[in-house]
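Visitor: Each chain is listed here by its residues.
Number of protein chains: 2
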Amino acid sequence: MKIGIITIGDELLLGQVIDSNSAKMANMIYPLGLKIEKKWCISDQHEAILSCMAQAEAELDLILVTGGLGPTRDDITKKTMAEFFGVPLVFSDENYQHILSLFNARNIPVREEQKSQCFIPEGTRLLENKMGTAMGLYFQHHKKHWFAMPGVPYEMEYIMQNSVLPFLQQHRSHERIMHKTIHIVGLGETDIAARLEPLLHDIPREMTLAYLPSIGLVKFRLTMKSENEQWMSEQLDHYINVCKNELGDKVFSASDDNLESVVANLLNEKNFTLGLCESCTGGFLSYRFTTMPGASDYFKGTIVCYSNEIKINLLKVQESTLNQFGAVSEETVKELVIGGIKTLNVDCCISISGIAGPSGGTIEKPVGTIWIAVGNAENQLTKKLLLGKDRKRNIEGASTYALILCREWLLKQTQKLIN
Amino acid sequence: MKIGIITIGDELLLGQVIDSNSAKMANMIYPLGLKIEKKWCISDQHEAILSCMAQAEAELDLILVTGGLGPTRDDITKKTMAEFFGVPLVFSDENYQHILSLFNARNIPVREEQKSQCFIPEGTRLLENKMGTAMGLYFQHHKKHWFAMPGVPYEMEYIMQNSVLPFLQQHRSHERIMHKTIHIVGLGETDIAARLEPLLHDIPREMTLAYLPSIGLVKFRLTMKSENEQWMSEQLDHYINVCKNELGDKVFSASDDNLESVVANLLNEKNFTLGLCESCTGGFLSYRFTTMPGASDYFKGTIVCYSNEIKINLLKVQESTLNQFGAVSEETVKELVIGGIKTLNVDCCISISGIAGPSGGTIEKPVGTIWIAVGNAENQLTKKLLLGKDRKRNIEGASTYALILCREWLLKQTQKLIN
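So the sequences go chain by chain: A and B.
Each residue of the first sequence is one higher than the one before, counting from -5 in my numbering.
Each residue of the second sequence is one higher than the one before, counting from -5 in my numbering.
Hints are supplied without guarantee of correctness; some may be wrong.
Claimed, not checked - Quick list of in silico lysine-lysine cross-link-like pairs, DSS-like style, CA-CA up to 27 Å:
#	chain 1	residue 1	chain 2	residue 2
1	A	LYS(-4)	A	LYS29
2	A	LYS73	B	LYS73
3	A	LYS124	B	LYS138
4	A	LYS124	B	LYS73
5	B	LYS386	A	LYS18
6	A	LYS18	B	LYS29
7	B	LYS213	A	LYS109
8	B	LYS73	B	LYS138
To be verified - Here are the simulated distance ranges between beta carbons:
#	chain 1	residue 1	chain 2	residue 2	range
9	A	LYS386	B	LYS238	29 to 37 Å
10	A	ILE12	B	THR356	34 to 42 Å
11	A	HIS232	B	THR356	30 to 38 Å
12	A	SER167	B	ILE12	22 to 30 Å
13	A	ILE102	B	GLU223	39 to 47 Å
14	A	LEU159	B	GLN409	49 to 57 Å
No wet-lab data here; the hints were simulated from the structure.
Cβ coordinates follow ideal geometry from the N, Cα and C atoms, glycine included.
Using the sequences and the accompanying hints, generate a full structural model.
Guide: Given below as structure tokens:
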């Protein structure tokens, strides 16, 4: 079964909204061994929708459409789908009752305009949406399956979960997709390829490989498609182990765990608590930890010490250190770690101070200069980064390198105990 | 000139990477009055690329391709493009010199494998990329313009900025696109439509409208396309004013300013400093403020008080308050504001405490229960939220509602001064 996505909405093409829905849908169907073959993003205009539907129907078996199901003038998906399917729009009392019950539960009067949202292509099966007024739609046309959902992420997710996934479960083939990923630090894409590809010359033809570089790290992925799950699993395990052995401790994760999970696991293993002192990253590293469920097991808190006053008063950085070396210096990040350990009463502390930009740089310390430190009151590891000019990228990059340094420090503590 | 995007990469279709490149490209061409007509996302497989290139060339005048230009085995864009264009791949010494100079500057030896990255379709013009080894490509085929760029965001941005935008500047038509957006809180999409659309029945046919709802707010956008810039600008101003007058203080921004900018501007106007005490949002609100350049003008710092110990020790929340009412309560967030004002030495403080989920809920306080407070030592506004079960969405939603409450508190301070 070949599956595709059509996302409809000018806001996506204008770049006002980043399309995270498609990735979410892909993630949701992946555990069923299914993947998205192709994706279109089009304007909410009649002709654009019609021609794209024709393309998709010619190439695919099942199409997931999002967007344009709302009650307002720019919502033309249902009308256009009816035209494509060659059926009239009909008023759906089921849809209207759904809106009535939602509004009654919230004590909101139902407007007459809401009725316009209840016209659906004749022959459509409605799909429950407990999260909003726009129900999902299912239609079969020329033996192809069409699902239409609202573009609001949590409404789309609800309909995917409750209607689309059960349908796919019933209709999928015996073929499965599996992948394994390793995460690598300290090596570039080409270096990794030069070391791995000679070892991978004999992979089965069902296996493909991919490199996904991002700031500070590279993900390397092996993917397979086959009906034989056990064989796939064995093959993937075998070749992933080959890669892991070749790259040694450059591999920080051999699962889908991201860097923050790896650090979290190391902290939990050691029963260490963590605290952060963030200056230029402004809370972003803290957010990366706390966005993971269970952060409270090891994470106690963060001081975002944006002003020097807070560095001095709350984290006991010496004024003389700030005057002599500046807030962006090895001396300051070390003192921040020592202060953070005490103020936050934790076993391990990460500090970051830098010039995120776009302004604030000097000749000696240009925009993108960032110091990080990790450790406890007794010993710290430090690192200087020279990143680029882009503020957001500097914040993200600094937080990633801080996680890499934290992993390194935590591994060193284990080695110390062993020696 | 009709412009489209093809993004190539299994990682996008598998949902491992969210496609932010397309939005960035759209944002970059928008100031030239240009927009993306259609976007494809396809697998990095030979047949998929060939058939998509044919579709795009049939529908569009200029196509921006990203992905698959790297040195590794999964990078097949150049080979496939050469086949589509009907030309051979040739070795480019220009490209090789580019790699040599990049590697020499970093003192890295050049691998033989790197040479494979230097084969390009014959007749291609190379586009400078100071950010990485993969240069951009320009090719003209059947009078259509093709640009290929690496998928790494900052490399793509560099090539867009330095090669694609100058090309578009020369080749664009006289037609321009303009839009105006208002941001609305406290009203749903249907309510807004019911109030605005009767007032917008006579808009010019060149004008389109769109509603973009997200947690806690709705963006309403008017867009126009015409050769007459002055007329467009006047029309947009007129109708945006009509909408603003109708919705009053439900409109918090009538520019592209987001909610955090609006709050930042209010703080700067009043010469107020800001501090945050974040529990369940874990630093995300702090990140939203500090991701904007110039945050240090008003923002002093944040205490992410994830553990009760930090709430008590650093922010002077009474243990009895935590015992009697719990960490997620109106009493606690009020005390957090009062403590934050003192500890961070600021004029205005926002506090957030809630149950982000997925676990930690009780019958009285289910997952999604969040309390926020904004104010100073003398007076605070508080609000209770009942959001959903999704951790990330709860964190984002809580930070948005905290910004809305902060705007309200800041506006109240102005009214007090007037009365």
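Visitor: Look at each hint and say if it fits the structure.
Guide: Outcome of the hint check:
A C-alpha spacing of about 8 Å is found between A:LYS(-4) and A:LYS29, which places the hinted pair at or below 27 Å, so the restraint holds. For the hint pairing A:LYS73 with B:LYS73, the CA-to-CA distance comes to about 42 Å; that exceeds 27 Å, so the pair is violated. For the hint pairing A:LYS124 with B:LYS138, the CA-to-CA distance comes to about 47 Å; that exceeds 27 Å, so the pair is violated. Under the criterion of a C-alpha separation no larger than 27 Å, the hint pairing A:LYS124 with B:LYS73 is inconsistent with the structure, at around 48 Å.
Straight-line distance between C-alpha atoms of B:LYS386 and A:LYS18 comes to about 13 Å, which keeps the hinted pair within the 27 Å bound. Only pairs whose Cα atoms come within 27 Å are accepted, and A:LYS18 paired with B:LYS29 is accepted, the gap being roughly 25 Å. At most 27 Å may separate the alpha-carbon atoms for a hinted pair to count; B:LYS213 and A:LYS109 meet this at roughly 23 Å. Pair hint B:LYS73 plus B:LYS138 holds up; C-alpha atoms about 19 Å apart against a cutoff of 27 Å.
For the pair A:LYS386 and B:LYS238, the beta carbons lie near 30 Å from each other, so the given range of 29 to 37 Å is met. For A:ILE12 and B:THR356, the hinted distance range of 34 to 42 Å is satisfied, since their beta carbons lie about 35 Å from each other. The hint said 30 to 38 Å for the Cβ distance between A:HIS232 and B:THR356, and at roughly 47 Å that hint is violated. Judged by the Cβ atoms, the range 22 to 30 Å given for A:SER167 and B:ILE12 holds: they are separated by roughly 28 Å.
Range check, A:ILE102 to B:GLU223: about 42 Å between beta-carbon atoms, so the 39 to 47 Å window is met. Distance hint check for A:LEU159 and B:GLN409: the Cβ-Cβ separation is about 51 Å, which falls inside the suggested range of 49 to 57 Å.
Violated hints, in rising order: 2, 3, 4 and 11; the structure is consistent with all others.
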